[in-house]
Structures are given as structure tokens and as C-alpha cells.
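Residue numbers (the numbering used here), protein chains in the order written: chain A, 1 to 158; chain B, 159 to 334.
Among these hints, one or two may not hold up.
Straight line, CA to CA, 27 Å or less: simulated BS3-like cross-link-like pairs of lysine-lysine [what the hints assert, rightly or not]: (1) B:Lys-309 to A:Lys-92; (2) A:Lys-92 to B:Lys-181; (3) A:Lys-98 to B:Lys-181; (4) B:Lys-303 to A:Lys-96; (5) B:Lys-264 to A:Lys-92; (6) B:Lys-303 to A:Lys-37; (7) A:Lys-96 to B:Lys-257; (8) B:Lys-329 to B:Lys-303.
Here are a few chain A residues that sit away from chain B, every Cβ distance over 12 Å (derived from the structure) [as the list claims (entries may be wrong)]: (9) Lys-37; (10) Gln-63; (11) Thr-82; (12) Leu-100; (13) Val-111; (14) Lys-154.
Worth flagging that the hints you see were computed from the coordinates, not collected in a lab. Keep in mind that this is a model prediction, so the values were computed, not measured. Just so it is clear, CB atoms sit at the ideal spot from N, CA and C, and this is done for glycine as well.
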Amino acid sequence: MKYLIFVFFLICQISYALDARQLADPKQQENYELLTKELRCLVCQNQTIADSNAELAFDLRRQVSEMLEQGKSNDEIIQFMTDRYGDFVLYKPAFKGKTLLLWIAPGAFLVLGLIVVYIFIRQKRALRSEQGVSNNELKLDSEKQNKIRRLLEKGDQF
Amino acid sequence: MLKYIIPLVLFTIMAVFLGIGLKLNPSDIPSPFINKPTPIFKATKLEKPEETLSPADLKGQVWLLNVWASWCVSCRSEHPVLNSLANKKVVTIIGLNYKDEPTDAKKWLATLGNPYNTSITDQEGRIGIDYGVYGVPETFVIDKKGVIRHKQTGPVTEQDVKNILLPLIAKLQAES
Chain A
1 MKYLIFVFFL ICQISYALDA RQLADPKQQE NYELLTKELR CLVCQNQTIA DSNAELAFDL
61 RRQVSEMLEQ GKSNDEIIQF MTDRYGDFVL YKPAFKGKTL LLWIAPGAFL VLGLIVVYIF
121 IRQKRALRSE QGVSNNELKL DSEKQNKIRR LLEKGDQF
Chain B
159 MLKYIIPLVL FTIMAVFLGI GLKLNPSDIP SPFINKPTPI FKATKLEKPE ETLSPADLKG
219 QVWLLNVWAS WCVSCRSEHP VLNSLANKKV VTIIGLNYKD EPTDAKKWLA TLGNPYNTSI
279 TDQEGRIGID YGVYGVPETF VIDKKGVIRH KQTGPVTEQD VKNILLPLIA KLQAES
């Protein structure tokens, strides 16, 4: 039973659209596969139209293959889709005003994080030198140093 | 003191962003059609398949394009709302029967009432693609010049009619 369930989940992983099209021209077929993997299915939002079995994904695949057969370029097809469904249809959104935050935010957060770490380390260092503990150099008064020496010598006797 | 304030401020900022995130509806995708001319189509009428309708025929009128289908569950809940809007006779309502069987569609209108001035058919979903339809029902509000002014994805409710559609229709009717 356990194995059956395991096999079931394995099968679930193979989610590929049932009607993947075959175009006559291998170059067009290549573009078809590329495009359908870049376009998002708007019904089941976390699948590409290549993966999805939704009706809309089927229609959009048909649209892509027809446009390729008409000799339309990839850019023209992408433009056609964004004109109708907005940038949301692209898994790789264009770099422009509206999507700027999307592209820049990860880098900005990384830089921000590094700055915070830098400030943190500097503060720690400043704090340590204020307390007189800097560069492993212990500034102890002579009385304490004598006490240490005495203790060390005593320890040797055992 | 700063030690406590910084985490508190960071937490507040995060809470605000997450709060906004919770309120957002992920299926609400901004339509690129707002303030753009309505896509051209020439579609056969559901009731009179020998006749066609295109947006040019509706120039000079404010009209709604409501995308519906007999297989669509939310359309059923939306239907009474459309019926009561149609009874007010303030706007032309065109139904786009999306990826549906004409016989099923006609049966649906016969049993549930017909709020549409005309319904047109789109059995292959091609007009749907031109209008960026992804979740039926969808409703477009189109002005006298044939420009799309508003789009709603999902069923129209009584509140939507009262708060959004009627004021917008009145405004658009006043435009020349």
C-alpha cells in the first residue's frame, strides 16, 4: 500500500499537458516549447501553459502554435499575450517602471543586509575597545598580574 | 532604548506589508484594457445565427460586455443580479457566450431569464483571448466611443451594481 501511494505521487509529478502540439518545422517546435514554458496559465496561476490542462491553457497553446505557423516571431507572440493579459502572463517580466521593484528588491535587500552586518560589527568593535579589551591585549594592573603569576607557579607544584 | 525600538519598527513595517498582502486578491489581475479601444470582433448572434454583431454596431451607446457560459457556476449566482440590472433599462447588455454549446446556452436563458439585449457566441474562445478573459464571468463597461472603461473579473454582486456600475454608467451616459 505504501509503495502504491509512493508510485501515485510519482505519477502526479509528471504533469504535462495532454495535447502538446507537434509543429512541422523543428525551429517552430523549439520556439513553441520555449514560449509555452514562459507563459503563465491565468487560471491555475502557478503553472505554465505548457504544464496546465486548463481550458484556457489549451486555447493559449493553440494560439501560440497558430501564430508560429503564421511565421510570427517570439517577440510578437509575447507582445500579443501581454497586450491581452498584462505582464502577469510572463514568468519573466519585462524590465520596466512597473516591474522595477520586482527586479531590484532582492539585490537591494542583500545590500541592506550587508550594511546592517557592517554596522553591527563596527559597533561591537567600538564597544570592545571602550571596555579596554582590544586586540587580545589585557591591560591589567600590576597587582592582578602578580596574583596570576603566583597562581601559575603554585599550579606547577602539583 | 534603540535596541527595542528598531525591532519594533521593523516588525511594524513587516506587519503592514503582510497585512496588505493578505487583502490582495491573487486572481485579481490588472487588466491592460482599461482606457483602450475595445477589441474588434464579428460574432454570430446566439439566437439568430445568421446575423452577426461587432462593436461598431454599438457606437454611441454605453454597453456592458458580460462573459458567461452555461457550465460556469458563478455565472448562475450572478444571473439574478444581471436580470435586475436589465430591468432598470439604463444600459445595453451584450452577453458573450464563452466556450459553450448554443443549445445549452439557449436552455439556460429560457429557464433563468435573459438579461441580454443580444448574446453572441464564442465557441472556440477566440474572442475571449482577445479580451484577455481568464475567469468567467467577466464584465466590461464600454463607453459611447467604444473604449473600455472598467473591467470586473468574477461575479457582479448587488453591491457592485450599486456602488460601481450604476454610478459609472450614469457618468458615461452623460459623456457625449
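We went through each hint and held it up to the structure:
At most 27 Å may separate the alpha-carbon atoms for a hinted pair to count; B:Lys-309 and A:Lys-92 meet this at roughly 25 Å. Between the alpha carbons of A:Lys-92 and B:Lys-181 the distance comes to roughly 25 Å, so the proposed pair stays at or under 27 Å and holds. A distance of roughly 20 Å separates the Cα atoms of A:Lys-98 and B:Lys-181; the hinted pair therefore holds under the 27 Å criterion. For a cut-off of 27 Å, the pair hint linking B:Lys-303 to A:Lys-96 is broken: about 30 Å separates their Cα positions.
Our distance criterion of 27 Å between C-alpha atoms is broken by B:Lys-264 and A:Lys-92, whose separation comes to about 42 Å. The hinted pair formed by B:Lys-303 and A:Lys-37 fails the criterion: a straight-line CA distance of about 38 Å is larger than 27 Å. With a CA separation close to 35 Å, the supplied pair A:Lys-96 and B:Lys-257 exceeds the 27 Å bound. For a cut-off of 27 Å, the pair hint linking B:Lys-329 to B:Lys-303 stands: about 14 Å separates their Cα positions.
Non-interface status of A:Lys-37 relative to chain B is upheld: no Cβ of that chain comes within 12 Å, the nearest being about 19 Å off. Annotated as non-interface, A:Gln-63 brings its C-beta within 12 Å of a C-beta of chain B; the closest such distance is 6 Å. A cut-off of 12 Å between C-beta atoms contradicts the statement that A:Thr-82 is not in contact with chain B; the least separation is 7 Å. Distance check on A:Leu-100: its Cβ is at least 16 Å (rounded) from any Cβ of chain B, clearing the 12 Å threshold; non-interface status holds.
At the 12 Å boundary, the C-beta of A:Val-111 stays outside the reach of chain B, the nearest C-beta of that chain being 17 Å off. The claim that A:Lys-154 is not at the interface with chain B holds, since no C-beta of that chain comes within 12 Å of its own (minimum 43 Å).
In this structure, the earlier hints numbered 4, 5, 6, 7, 10, 11 are contradicted, and the remaining ones agree with it.
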